[in-house]
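The residues making up each chain are set out below.
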Amino acid sequence: MSGVTEGAIFTDRPRTGADKRAGLLSRMWKQRADYLYVLPALIVMMVVIAYPIYYTIDLSLFRTPASLQLRDKIFIGLDNYTTILSSASFWKVTWQTLIWTFFSTLFAFLLGLGAALALHREFVGRGLLRALLLIPWVVSAVAASYVWKWLYHSDFGAIGAMMVQLGLADQPINFVDNINTALPSLIVVNIWKEFSFAMIMLMAGLQTVPEQLLRAAKVDGANAWQRFWHVTFPHLAGVSTVTILLLMVANFNSFIIPWIMTGGGPAGSTDIWITQIYQLAFGRQRWGVAAAYSVLLFLIMMTLGYFYVRALTQGDKERAGA
Amino acid sequence: MSNKEGRIARHRSPTRRQFTALALAVATTASLMSTTAYAQSVDLSQWSPEYIRSIAGTETYDTAATCGAVVPNDYEGRVSYWYTGAFEADPLIAHEQDAAFWEAFKEAYPNIQTDVQSITYNELLDKFRTSLLGNAAPMVVRLQILGGVEFAAKGYLDPLAPEDVGYTSADFWPGALKSVTWDGTGYGIPTNNETMAFIWNAKIFADAGLDPESPPATWDDVVTYSKQIKDQLGISGYGLVAKQNAGNTPFRFMPQLWAYGGGALDEAEENPTYDSVHINNEGSKQALQAAYDMYVRDKSVPTSALTNTQAENQGPFIAGQLAMMIAHPAEYAKMLDLASQATGADKEVADAVVENMRYGLIPEGPARRAVVFGGSNIHVVNPQYVEGEYDEQAAKALICMWTSPEWSTKLAWVGSNPGHLGGFKTEWMKERLDTIKFLDVTTSMLPNGIPFPVLPEAPEIMNIIVPDMLQNALTESMTVDEAAEDAARKIEELRSGM
Chain A
110 MSGVTEGAIF TDRPRTGADK RAGLLSRMWK QRADYLYVLP ALIVMMVVIA
160 YPIYYTIDLS LFRTPASLQL RDKIFIGLDN YTTILSSASF WKVTWQTLIW
210 TFFSTLFAFL LGLGAALALH REFVGRGLLR ALLLIPWVVS AVAASYVWKW
260 LYHSDFGAIG AMMVQLGLAD QPINFVDNIN TALPSLIVVN IWKEFSFAMI
310 MLMAGLQTVP EQLLRAAKVD GANAWQRFWH VTFPHLAGVS TVTILLLMVA
360 NFNSFIIPWI MTGGGPAGST DIWITQIYQL AFGRQRWGVA AAYSVLLFLI
410 MMTLGYFYVR ALTQGDKERA GA
Chain B
355 MSNKEGRIAR HRSPTRRQFT ALALAVATTA SLMSTTAYAQ SVDLSQWSPE
405 YIRSIAGTET YDTAATCGAV VPNDYEGRVS YWYTGAFEAD PLIAHEQDAA
455 FWEAFKEAYP NIQTDVQSIT YNELLDKFRT SLLGNAAPMV VRLQILGGVE
505 FAAKGYLDPL APEDVGYTSA DFWPGALKSV TWDGTGYGIP TNNETMAFIW
555 NAKIFADAGL DPESPPATWD DVVTYSKQIK DQLGISGYGL VAKQNAGNTP
605 FRFMPQLWAY GGGALDEAEE NPTYDSVHIN NEGSKQALQA AYDMYVRDKS
655 VPTSALTNTQ AENQGPFIAG QLAMMIAHPA EYAKMLDLAS QATGADKEVA
705 DAVVENMRYG LIPEGPARRA VVFGGSNIHV VNPQYVEGEY DEQAAKALIC
755 MWTSPEWSTK LAWVGSNPGH LGGFKTEWMK ERLDTIKFLD VTTSMLPNGI
805 PFPVLPEAPE IMNIIVPDML QNALTESMTV DEAAEDAARK IEELRSGM
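The listed protein sequences correspond, in order, to chains A and B.
Each residue of the first sequence is one higher than the one before, starting from 110 at the first, in the numbering used here.
Each residue of the second sequence is one higher than the one before, starting from 355 at the first, in the numbering used here.
Pulled out of the complex, with its shape left as it was, chain B reads as follows (with noise of 0.2 Å):
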């Protein structure tokens, strides 16, 4: 919590304003998104700043005595568990706060044993599943939102609901259900759910004759602003990333190519049947060609966009040295973190850099606006897959212990959003609305998030033929039509079980 001072909104930010006035059109996709059988525990249909803002703090729980009434606090067993934890590019809070989850569970269940792995985003599918096909599994893991369905749909995951563990399914986004539903059942529970947003530096932008406050409003804008950026100051305007089979690029390139009215398949339809390819359909070839013309055309991103993470986008930002990019909610806090770490004149660059940062909704295109809808979700293992004797009570108190309002709320803490909704009536919500600057720009994207396509072939369509596509186009290998049209080759061919 050291940086707790330097989370505190100094400024009421210049872009709220344009979220008022978008309150009607959020208030109308939200309500799309709360169609369901449940009752939702919070109100989405009024999802707005101010809605958050206004239930934030009125709610407490005993998160120990909640989970206690589903295993006992006394219980004796053992769990085995592996997730994506704090790693270098988290900030320190991030850290803080893991620890302390794991403090907190001791002490909840001080005769539970655990056997924990934290496994880098990138290499946590490929390990479990190396691990599935050796009987080595963990009880519990917790994967990306896109990873989930494809161990369900192969027998590999055990059905689980929030029911099982205390909890209801209307204490969840009925988005983030869907994402963890496989023929009817459902086989985990959401831990967070997060949509990312627009960052930009507002000094460069106004270096370069641009406003400031205002964000490009649509994808054509990022192009030209990209482009002035770099015409007039030389360095790289949007922050491209492009590498293959990382996670990174479909969740910054997917929103380009939905706003523009592309896909992967159908998945940002209202009703996606996952039947029709879209990759090489006219919105996903703007898309392709809009990042062929900042990065072959005008050269005004990132050259090591191709071999580039997010990660790698950091360092050039607290820099000045890159202009705009999509960022998580914990991108300030990160900003802020190497801030402080920086020393002589670099730190009078940082700070001035943090200064300027701005936050924005996420352009749009002719189409909509769009942004991933993330998050991970916890799943218990087919025992027949785990290593070890398998402890099912212990893996309860577990998953009860994390997805609940307290700590689905901690455990996002600049990351995410709680999986729980009633983490959003929390007082440890009300402390992020307080203490986390630009927070509520980024839960305020929520309502145009679109999930990843519910199949098992999700991860390969994400993380590899979506990335080989933007490769083969942007290093010129294939024309974008020719980049499309094999994307969209392979995904027929995935699709049809070759």
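Bound conformation, chain A alone (with noise of 0.2 Å):
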């Protein structure tokens, strides 16, 4: 690296692109050996990414009747794309599929945040009140939305039988056969799985937030507001951001949840764009359409991925800068 520098400043003359050229392979070369030690994770990355992906962008091309083999399928070009956009249930999926993620990333780091900073504190059964609040994140994901679709069942559910013995209500309340409050339900059993991981991360923040600042904060006079939004909550803005756009990503890409709990359903009030794909590809085999869908997915997850890299890397830059 020094040596090209060294010889752009001693010729005096601009950087030709020829010049950058020979730089970069130059320092390609004399950084082999880390290119090397690379090399696996490379191959691998290769077969098990690269390729489904260049597959589904091939694939996204196609047209493919369910009277035919996948090898019979038949170029369209972009029509799937077209297709797709002009679709009104793309739309609607798409509008869904952004209230679940919005909801769900911000209901879920609130009270992810809430349950860090208390749990922050000493107090008797703090390790064990931890412990208890990590659960929804341990249990498997699939015997988590039995147990709520049972939960919620619109005849003999736990929660409506309590509503009527409490009076609150005069029959079981529908949770998940009506298109009005399937989505909501759905994003409340979401955040109840998700809050804990956000808890995790939030909680690993804190360590790093310096006691003698927050100690100063209060001899100056700052009440508990105060010391928290001008000196913890800075200090946890990294950790925050990383922990939404993972939030956003797991809740982009979901499926179990909403896919055991009610499939898509009632009338597809909670299909999103997950569950669509699956159903179009393994359900009504349209594989075209949905490697369509996927790779509008893959642009979006590509987006976050861009800023969560940013996110990790900036901390990173902050050190090497200081």
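Note that these hints are calculated values from the structure, not bench results.
Quick reminder that beta carbons are idealized off the backbone N, C-alpha and C, glycines included.
Treat the hints with caution; some may be incorrect.
Within a straight-line C-alpha distance of at most 25 Å, the following computed SDA-like cross-link-like pairs (lysine to any residue) qualify [unchecked claim]:
| no. | chain 1 | residue 1 | chain 2 | residue 2 |
| --- | --- | --- | --- | --- |
| 1 | A | K258 | A | V233 |
| 2 | B | K653 | A | L277 |
| 3 | A | K258 | B | T663 |
| 4 | B | K701 | B | A673 |
| 5 | B | K481 | A | L277 |
| 6 | B | K584 | B | T484 |
| 7 | B | K481 | A | I183 |
| 8 | B | K581 | A | A270 |
| 9 | A | K182 | B | T484 |
| 10 | B | K653 | A | W259 |
| 11 | B | K653 | A | Q280 |
| 12 | B | K481 | A | I268 |
| 13 | B | K532 | A | K258 |
| 14 | A | K182 | B | E741 |
| 15 | B | K581 | B | A721 |
| 16 | B | K460 | B | L487 |
| 17 | B | K701 | A | W259 |
| 18 | A | K258 | A | G234 |
| 19 | A | K182 | B | L692 |
| 20 | B | K481 | A | R172 |
| 21 | A | K258 | B | G669 |
| 22 | B | K557 | B | D700 |
| 23 | A | K201 | B | V650 |
| 24 | B | K653 | A | R172 |
| 25 | A | K182 | B | N736 |
| 26 | B | K584 | A | R172 |
Just some of the chain A residues that point at chain B, by a computed CB distance under 7 Å [claimed, not checked]:
| no. | residue |
| --- | --- |
| 27 | A175 |
| 28 | L179 |
| 29 | D264 |
| 30 | D286 |
| 31 | I288 |
| 32 | N289 |
| 33 | T290 |
| 34 | P293 |
| 35 | G374 |
| 36 | P375 |
| 37 | G392 |
| 38 | R393 |
Put the two chains together into one complex, using the hints given.
Take a look at the structure:
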């Protein structure tokens, strides 16, 4: 690296594209051992990530009628994308995906933050409470979905029965068999399942908040809210960004809870992108349309991934700068 | 067999008189189904509860020897097999018979290794499709009657006829063989064929002011009875099932649709061509309206119908909270199992429900009485899509055993009927008739059976488009008319290759 830079200085002329290319190759050659170390991982990634991505993009350009084998697919260019983007169901499912992702992420994060702050203090039984709050995250999503399905059951669910017994309702509440309440009901389950993850991440983040700063702020007369807002929260900014991005990625990709609890119903009211893709591919064998959907989802995931990597490397750059 | 005593019919079936009265109509319909080039191994034109009883136990079979003539019993090889075996919703006897088959196969073919996966009904099609894409399919697969043609049309299955494993086509129901025929070639052998019946709780009927010994005669009566039960007792009348992407839904809704004169295509007609869409005709709309009336207007069916499969209706039924539903022959055995597991006050309720359980014919509609001609078929997969080395002889040995009169009877013990018509003549059929209450009722529905369309698109039509139509209407996302028209548009798009 230094040799090229010095050469550019000594020659005292603007660097051309050829210089840059030569510089890049030279640097790569010098760092060849590093590339060799990561080569096995790169090969594995090529096989298990790059090829499926290529294949999915390729498949998205074909029509795959239910009566034909996949190898007999018909090339139709970008028609699948046009079909998806012009269909009313796509926009309905997209809207539902956004609602699902936004509210799941928001409330899982807020609940996780609250739990992390509460558990950051020393009190009797803190360890036990922390373990209890971790249960939703540890429990298998499949098992949790079945349990919640029965808790919500519209005729014989425990929640509905309890509300009737307490006099809060005349009859069991219709949680998942109603197009207006099904999605919010599933979001509640998702928040319950995810908030522990946010809690763990933020508890780790809280360990980095300097205690002396908090004490100094207290000595200066800052109240609890001011100490949180001006001292604690800024130190949590990095981990919060990462946590929110990870939650968003997980929620965009959610499948188990909506699929097991409602299968996307009733009348498609809990269909989100992933359930729609699954249904198109494995239920209806519209591999081409499902692939096009997947490519669109991939682009969104890549965008989120970019911000995630940037958030992760932000700290490294700051440390390097310091 | 622990519940054997419980299965012994303790009463003369109260609906037996009706069956006798129906015998003529049944025989006429049966004769339509027996129009075939083959002389059937049983006389389908005489099909009636009495005829079934008269032939049961008249012949004996030595399955190992019969199959040994097709594939020598000392043959060494390996076979992989996927099917839907016994699961939690099945009674204990189904689990026992399943285990007994594998023991018998091991005994008959000690040198054939088996690699077997039992996959749930709703998952098998998806998993099989995926395995085919990755050339990781099993050698032999047993699929629901709806599934085979889709794969045959795409070249995923190899031709397979009863003659390939030592039987004749005359040994099987013509309608069942038709369900595995694509482009004039057979791609499978029926393992079991069933039709469902109608069950009701006589005590609930009596408490609601209905005749406890008479099921609703028509589908309009079902709507009326269901409302009366809900109004009088506050419990659900009819066990509607309308879950999306679940096979239970078309098996329970299509009989109603056909009865009113509807259909997905023209599958209910005498000579279907599958060229015209019937899902939006007047009959289909009337059936959809009836479902709407029960769910939305009268609220006389479970609210959870939109997320329920049949398994979720079993609990309310045994608890006396659901009055009537379409059911398999196995439902009675399942209720006995559930009652035997109940304790305390629950047991009293469950025992009372079992005592008051009645089976009858599925109601008729303005056009006909109808039921899905259901069942399963066994297929051999095209070797190029099979994981590992293909072993044709081992596959044949397994298929011969599975489709034999003995095992097609035993493996269908409470849930179905033997695919091999010779099964009706076996001692095991006699034992079934003697020990399984109401078996003659469900068997009597066979001539009313209508097969799903024999098309590669049938699974999507039945498992997705029909349930979607129901959900759109029942959630009032669309009107009944709109839901039917929407379904018709989807079927037309599907048939046009979109």
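Each hint, compared with the structure:
Note on K258 (chain A) and V233 (chain A): the hinted pairing is violated, with a Cα-Cα distance of about 35 Å set against a maximum of 25 Å. Restraint check: the Cα-Cα separation between K653 (chain B) and L277 (chain A) comes to about 21 Å, which is no more than 25 Å; the hinted pair holds. Taken as a hint, the K258 (chain A) and T663 (chain B) pair is honoured in the structure, with Cα atoms around 13 Å apart against an allowance of 25 Å. The straight-line distance between the Cα atoms of K701 (chain B) and A673 (chain B) is roughly 9 Å, inside the 25 Å bound, and the hint therefore holds.
Distance hint between K481 (chain B) and L277 (chain A) is unfulfilled; the C-alpha atoms sit about 44 Å from each other, more than 25 Å. As the CA atoms of K584 (chain B) and T484 (chain B) are separated by approximately 44 Å, the hinted pair breaks the 25 Å bound. With a C-alpha separation of about 24 Å, the suggested pairing of K481 (chain B) with I183 (chain A) holds against the 25 Å cut-off. About 23 Å separates the Cα atoms of K581 (chain B) and A270 (chain A), which keeps this hinted pair within 25 Å; it holds.
Restraint check: the Cα-Cα separation between K182 (chain A) and T484 (chain B) comes to about 16 Å, which is no more than 25 Å; the hinted pair holds. In summary, the hint linking K653 (chain B) to W259 (chain A) is supported, as the alpha carbons are separated by about 20 Å, within the 25 Å threshold. With a C-alpha separation of about 12 Å, the suggested pair K653 (chain B) and Q280 (chain A) falls inside the 25 Å cut-off, and the hint holds. For the hint pairing K481 (chain B) with I268 (chain A), the CA-to-CA distance comes to about 35 Å; that exceeds 25 Å, so the pair is violated.
A C-alpha spacing of about 40 Å is found between K532 (chain B) and K258 (chain A), which places the hinted pair above 25 Å, so the restraint is violated. Note on K182 (chain A) and E741 (chain B): the hinted pairing holds, with a Cα-Cα distance of about 23 Å set against a maximum of 25 Å. Pair hint K581 (chain B) plus A721 (chain B) holds up; C-alpha atoms about 23 Å apart against a cutoff of 25 Å. For the hint linking K460 (chain B) to L487 (chain B), the alpha-carbon distance of about 31 Å lies beyond 25 Å, and the restraint is violated.
With a C-alpha separation of about 22 Å, the suggested pairing of K701 (chain B) with W259 (chain A) holds against the 25 Å cut-off. Taken as a hint, the K258 (chain A) and G234 (chain A) pair is broken in the structure, with Cα atoms around 31 Å apart against an allowance of 25 Å. For a cut-off of 25 Å, the pair hint linking K182 (chain A) to L692 (chain B) is broken: about 49 Å separates their Cα positions. Straight-line distance between C-alpha atoms of K481 (chain B) and R172 (chain A) comes to about 21 Å, which keeps the hinted pair within the 25 Å bound.
Our distance criterion of 25 Å between C-alpha atoms is met by K258 (chain A) and G669 (chain B), whose separation comes to about 15 Å. Taking the CA atoms of K557 (chain B) and D700 (chain B), the gap is near 16 Å; set against the 25 Å cutoff, the hint holds. Distance hint between K201 (chain A) and V650 (chain B) is fulfilled; the C-alpha atoms sit about 24 Å from each other, no more than 25 Å. For the hint pairing K653 (chain B) with R172 (chain A), the CA-to-CA distance comes to about 43 Å; that exceeds 25 Å, so the pair is violated.
Restraint check for K182 (chain A) and N736 (chain B): satisfied, since their Cα atoms lie roughly 19 Å apart, inside the 25 Å limit. About 49 Å separates the Cα atoms of K584 (chain B) and R172 (chain A), which puts this hinted pair outside 25 Å; it is violated. Contact between A175 (chain A) and chain B, as hinted, is supported at the beta carbon level, the nearest pair being about 5 Å apart and thus within 7 Å. Residue-level restraint check for L179 (chain A) holds (minimum Cβ-Cβ distance to chain B is 6 Å; threshold 7 Å).
For D264 (chain A), the interface hint holds, the least distance from its beta-carbon to any beta-carbon of chain B being 5 Å, beneath 7 Å. Below 7 Å, beta-carbon pairs count as interface contacts, and D286 (chain A) has one with chain B at about 4 Å; its hint therefore holds. Contact between I288 (chain A) and chain B, as hinted, is supported at the beta carbon level, the nearest pair being about 5 Å apart and thus within 7 Å. The closest approach between the C-beta of N289 (chain A) and any C-beta of chain B is roughly 9 Å, which is over the 7 Å cut-off, so the hint fails.
The restraint placing T290 (chain A) at the interface with chain B is violated, with a minimum CB-CB distance near 11 Å, outside the 7 Å limit. Hint status for P293 (chain A): violated, given a least beta-carbon distance of 15 Å to chain B, over 7 Å. Interface hint at G374 (chain A): satisfied, since its Cβ lies 4 Å from the closest Cβ of chain B, which is below the 7 Å cut-off. Because the smallest distance between the Cβ of P375 (chain A) and any Cβ of chain B comes to about 4 Å, under 7 Å, the interface hint for this residue holds.
Restraint check, G392 (chain A) versus chain B: the minimum CB separation of about 6 Å is within 7 Å; hint holds. At its closest, the beta carbon of R393 (chain A) sits 5 Å from a beta carbon of chain B; the interface hint therefore holds under the 7 Å criterion.
The structure does not agree with the numbered hints 1, 5, 6, 12, 13, 16, 18, 19, 24, 26, 32, 33 and 34 stated previously, though it agrees with the rest.
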